[in-house]
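Those protein sequence lines, which keep their order, are chains G and Z. With our numbering, letter number 413 in the first sequence gets 413, and the count goes up by one each step, no holes. With our numbering, letter number 91 in the second sequence gets 91, and the count goes up by one each step, no holes.
Check before you lean on any hint, since a few could be wrong.
[Stated by the list, open to error] Stretch by stretch, here's where chain G covers chain Z in the computed footprint (C-beta under 8 Å, at least three residues):
#, region
1, 163-175
2, 186-200
[Stated by the list, open to error] Straight-line C-alpha distance at most 20 Å; calculated DMTMM-like pairs for lysine to aspartate or glutamate:
#, chain 1, residue 1, chain 2, residue 2
3, G, K379, Z, E167
4, Z, K178, G, D382
5, G, K145, G, E115
6, G, K403, G, E422
7, G, K174, G, D199
8, G, K400, G, D417
9, Z, K178, G, E335
10, G, K145, G, E127
11, G, K497, G, D186
12, G, K497, G, E318
13, Z, K178, G, E355
14, Z, K178, G, E359
15, G, K232, G, D65
16, G, K301, G, E335
17, Z, K178, G, E354
18, G, K400, G, D382
[What the hints assert, rightly or not] Pairwise CB distance ranges, derived in the manner of DEER restraints:
#, chain 1, residue 1, chain 2, residue 2, range
19, G, T86, Z, I22, 52 to 58 Å
20, G, T183, Z, R9, 33 to 39 Å
21, Z, D179, G, S350, 16 to 22 Å
22, Z, T108, G, T283, 18 to 24 Å
23, Z, S12, G, S78, 36 to 42 Å
24, Z, V109, G, S451, 36 to 42 Å
25, G, G410, Z, R5, 35 to 41 Å
26, Z, T108, G, T60, 42 to 48 Å
27, G, R395, Z, D179, 20 to 26 Å
28, Z, K178, G, H245, 57 to 63 Å
29, G, D199, Z, R5, 53 to 59 Å
30, G, R252, Z, K178, 46 to 52 Å
31, Z, G103, G, S78, 53 to 59 Å
Since the hints were derived computationally from the structure, they do not count as laboratory data. Positions of the beta carbon are idealized from the N, C-alpha and C atoms, including for glycine.
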Amino acid sequence: MSALLTLEGLSVRLPAGADRSHALSDVTLSLQPNEILCVVGESGSGKSMTANAVMRLLPTGVTIDGGKVMFGERDLASLDEATMRTVRGAGIAMIFQEPMTALNPLRTIGDQIGEMFRIHTALSDGEITARVRDLLAEVRIPDPKLTMRAYPHELSGGQRQRAMIAMALALDPKVLIADEPTTALDVTTQAQILALIRDLQVRKGTGVLFITHDFGVVAEIANRVAVMQHGKVVELGPTMDVLSHPQHPYTRQLIAAVPRLTAPPPRPVSSETILSIEGVNKTYRTGGFLGRGARVTHAVKDVSLQLPKGGTLGIVGESGSGKSTLARCIVRLIEPETGAIRLGSTNLLSLTREELRRERACVQMVFQDPFGSLNPRRKAGDLVAQGPMIHGLSRTEANKRAKELFALVGLDPASTDRFPHEFSGGQRQRIGLARALALQPEILVADEPVSALDVSVQAQVLRLLADLRLRLGLSLVFITHDLRIAAQICDVVAVMKDGVVVESGPTAQVFGDPQHPYTMALLASIPGRSFALAELNTGLEVGTR
Amino acid sequence: MSLLRAYCRSPSAVVGLVLLLIVVAMAASAGWLFPRDPLALAGRPLVWPGDNPRFSFGTDNSGRDIAAQIFHGARISLLIGVVATSIAIVIGVVIGAISGYYGGWVDTVLMRVTEAFQTLPNFLLLLVLVAVFGSNLMTVTIAIGVVSWPAPARLTRAEFLSFRNREFVQACRTLGMKDRQIIFREILPNALPPVIVYASVVMAVAILLESALAFLRLSDPNVASWGNLIGLGRDVLRIQWYVSAIPGLAILLTVLAVSLVGQGLNDALNPRLKGR
Chain G
1 MSALLTLEGL SVRLPAGADR SHALSDVTLS LQPNEILCVV GESGSGKSMT ANAVMRLLPT
61 GVTIDGGKVM FGERDLASLD EATMRTVRGA GIAMIFQEPM TALNPLRTIG DQIGEMFRIH
121 TALSDGEITA RVRDLLAEVR IPDPKLTMRA YPHELSGGQR QRAMIAMALA LDPKVLIADE
181 PTTALDVTTQ AQILALIRDL QVRKGTGVLF ITHDFGVVAE IANRVAVMQH GKVVELGPTM
241 DVLSHPQHPY TRQLIAAVPR LTAPPPRPVS SETILSIEGV NKTYRTGGFL GRGARVTHAV
301 KDVSLQLPKG GTLGIVGESG SGKSTLARCI VRLIEPETGA IRLGSTNLLS LTREELRRER
361 ACVQMVFQDP FGSLNPRRKA GDLVAQGPMI HGLSRTEANK RAKELFALVG LDPASTDRFP
421 HEFSGGQRQR IGLARALALQ PEILVADEPV SALDVSVQAQ VLRLLADLRL RLGLSLVFIT
481 HDLRIAAQIC DVVAVMKDGV VVESGPTAQV FGDPQHPYTM ALLASIPGRS FALAELNTGL
541 EVGTR
Chain Z
1 MSLLRAYCRS PSAVVGLVLL LIVVAMAASA GWLFPRDPLA LAGRPLVWPG DNPRFSFGTD
61 NSGRDIAAQI FHGARISLLI GVVATSIAIV IGVVIGAISG YYGGWVDTVL MRVTEAFQTL
121 PNFLLLLVLV AVFGSNLMTV TIAIGVVSWP APARLTRAEF LSFRNREFVQ ACRTLGMKDR
181 QIIFREILPN ALPPVIVYAS VVMAVAILLE SALAFLRLSD PNVASWGNLI GLGRDVLRIQ
241 WYVSAIPGLA ILLTVLAVSL VGQGLNDALN PRLKGR
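Based on the sequences and whatever the hints tell you, model everything.
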């Protein structure tokens, strides 16, 4: 069988001054009909650039400087722009990571999908409407007629992605390129979208080039997999072979960094409670003039949890479950309406602003976004020294402590006078951690601290957290949407949905024998759960013992 | 250094900078080139430019040297521009920062006050202030500053609204930092670039406002300002039009220079325009 799409020694040159001369060098891949080829790699590996090079949607200054992209008889790399436009959409279609930004917010879904037909075919308006309706039904959107008239913001993330898929499949393209199509979605929605892509691909015989960073997704969906590093394909083969017998050291390292879903044997946890959350409520009121048409959202509803001293409490849930709001209630960035948060004998919620400022040191927070959580105009050392100085340390002593903390979190103490943008994502997260530790807190609240990081960096930061927890006797509240990570690092977990804790208990028990249907659904949705990564994991698991 | 290079990429910004430097040079050299009082009688009234080599720009209706008034007037225009702009920016930034950072009822009250100022035509308000407090140079300058703050306030507020929920600000709060420190030491440096760019607009408007006041003979008559000269020239506009036209041209070029510099700064400070 001849290949649908072949990349022959494709090279893509980056503009001068980039960190390397070529985004892609000598990439050779072929996509057969009726298969899903996963291109997997970390950020900067060139996987998205591969997709963009095929579509010839490269940023300005980035050019193809060698090789061919054969689509049927034609070399896409040398086609003129007008001919290329007839290939895009009709021959090769693409779906993107963030459906909200890929759709035009001012036009209805039906209008945008119909545009595919208006551009590439001569169908009448009536026929177009009928075709769009069929397409939406095909991607299993509940009420196609209603959805056609909806605007993008009126749909959920999963429905938007379904609409994008419908748009991509409108003209029955031979090749579908999917660039991280499920990364922005919740795990249960991701499972549905993956099933849908697989199903449509089998039914239509489309070849799918699937770009992802997630080995779970690879295990779930791919027929073959190509692993990329620094713009080169380092390993290529059938999924089962690559995942169970990786040949290249980089592949091995990546697979080993994926946390296991089974919890390690429980650590002995103190029976003493250091932080107890009692009946906390937080509601948001939106809209409504003079009380009419106002909407009340229960972000956190009657949550009671306990954090054992020296232990880690994991709070897991999907977006909108209220887990971040709860974290911010604990450090009182958000004021809950009712309830108590007790640290020893003091109720943090009843402190006055001035008392709270002094008590702040006991509970510190690590944030999700390694780019947004550091003031870009302050030096890294100042960011860490700030806290102790607020609480009365002199500048020289604070700077000395900042240097010690840099060493503690595995950064070069000499780099304290560099600015945040000179550090990588993982290093920035370490700075954030050093800043939180500077006040010698008893409790660390970590809100998705690793979800913006690549999987190998993620493993390093998690190992650091686990290590510090042991060395400094910290208690941790760990917010995450990733159940694999929760399984590795948490002693106790609470599963949240719509502001309510639906299930909580020791990690092994909740994950091994879930009681609530929602917990079961979450666990069942984890991509690649059936794939055993265990034998490769030895010595690299996020340490607990 | 890289900022300077980014700035110099745009030809119009360089033209603006050169013009502005010329005006500054005029102001600086006024005392040296025209050491006499520019408002003293110098010769026969209404000498056309070029008729007498002593008065390259001619004389006005009472026989004062126009060139001397233009050079000394540059000092006044720049002084009013810089001081009034500083006043407007300081008031605007403080009100905008507090309003944007705290939100809620503080924001509502401050923004309604700002809107009250904005709905009044600011020249009318300026006239009222000058009528009440008199028209010497200081009151005129302060009055211009006081009527120009609402726009910078709204701009600062918008910047603060987008910054106050950033994670780095939340991090400062969890460290126990005082609000004052968060507002002025953490957020403000990040929010300032667009406000600095907008300051050029305020400065251009301030210079124009002073000229407009002087045209109505409501500015300080005891200083040599461009506006005063235009006001004087009004009486002889049909025949000796140069009396108004020369200072008018000076104002035009100065305001143009300030606007071009502001635009150039905007392009240089805006990272999204890089590489275009």
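Legend entry - Unsatisfied constraints (hint numbers, rising): none
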